[in-house]
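From first to last, the protein sequence lines are chains A and B. Taking the numbering used here as reference, the numbering of the first sequence is continuous, increasing by one, and the terminal residue is 101. Taking the numbering used here as reference, the numbering of the second sequence is continuous, increasing by one, and the terminal residue is 268.
Just so you know, the hints here were simulated from the structure itself, not pulled from any lab data. Note that the structure is a prediction, hence the values are computed from the model and not measured. Heads up, the beta-carbon is just placed ideally off N, CA and C, and yes, glycines get one too. Any given hint could turn out to be false.
So, partial list: chain B residues that the calculated Cβ filter (under 8 angstroms) puts toward chain A [said to hold, decoys possible]:
1) Glu39
2) Trp41
3) His42
4) Ile110
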Amino acid sequence: MKPPRLSHSAALILKALSLGYCFGFDIMEATGLPSGTVYPALRRLERDELVVSRWESEADAAAAQRPARRYHEITHSGKAAILAATERYPLLARLLPEKHV
Amino acid sequence: MIPALPSPLTRADRLLLAATRWLVPIPEREDWLRSWQAELWHRSYQRIPRPAPALVLGVIQDALWLRTETVSRALTGTPSLCILLLLSLLLLATIPAIIAAGSLHAFTVIALANLPRIAAEASLIAFVSLATAVTSFEENLSSPHRLRIKARLFLTAKMVLILLLSWMLTSDFTWPIRPFLPFTALVLQSLSFVLLSLLGLRWSSLDTALRCQHCLCSLASPARVGRPSWNFLEFNGTELVCKHGHGHLSIPEIETSWHQSSVWVPTS
């Protein structure tokens, strides 16, 4: 199936996810996009099955002494979509640094 | 469940979440609240400088997105949305006619004076349209009488609205030339009314044929079945399914003795 065409901001968010940024504020900080763009875009990407989300386990969150976060992960379709988007927006690959854990 | 940690959220954040949560649909509210509590907690903990209005906008836009998505999912393809859209278009088309007439009263007088002509033309067009409808589908006779009446009422409502809309649009279109060339305007309106109505009614019958016979929602996910080269050996055509699982519609690519028209197959 042909990967869906993404807007520049959606492609940027997907790229951030593929580089290891995995929750809302993390993506906002990496991309510089406003929260009003990032959160609805994440929901749209999840609806289109390019992204899946899961809740961090309570045990892990309690160990880090913070509330559990909602982590987003890129799916196989998402990876195909980001490859197509990188061809469309060649600068995308240079806009974001890889996340250092 | 919200973790039992001391909430470092500011009073403004808590107020914002409490005020915005009502925008979120109930089934998704707890999840949404939990996500935003975690996100805002993270911001407060990390002391990330973010302008407050940008975050307010984010919380509200996220909640609004969930609301609009739920409404859109619930309404897309429903007969109510179809009737609502046609009614809205009719209202929009009526506004220029009222402005041109000068007042609502003047418009009503003109409309009532034209009513017999409109009714005669519309009946004729509806008759021709129904008699020449290409699309036919075998009505599921085993379906309850109530459902068949509902389907016919929906089709009738659509046809009436399309006829009224066509008349209003053609009236708006010919209004500027009416004071100078009244006869030409009348002929032009009648001809364009016939053309527009026939196109609209044809769409209406096609649209009805491609709806679920149970809930009248538009059928989705078209899938090609069979091979064109095997036309005389097996079914070759398209299948559409009801997104609520009431059944599917088989539309043959070409008519065969065993599959002459579209067949609605209900889910038993």
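Cross-check of the supplied hints:
{"no.": "1", "hint": "Glu39", "in the structure": "5 angstroms, holds"}
{"no.": "2", "hint": "Trp41", "in the structure": "5 angstroms, holds"}
{"no.": "3", "hint": "His42", "in the structure": "5 angstroms, holds"}
{"no.": "4", "hint": "Ile110", "in the structure": "47 angstroms, violated"}
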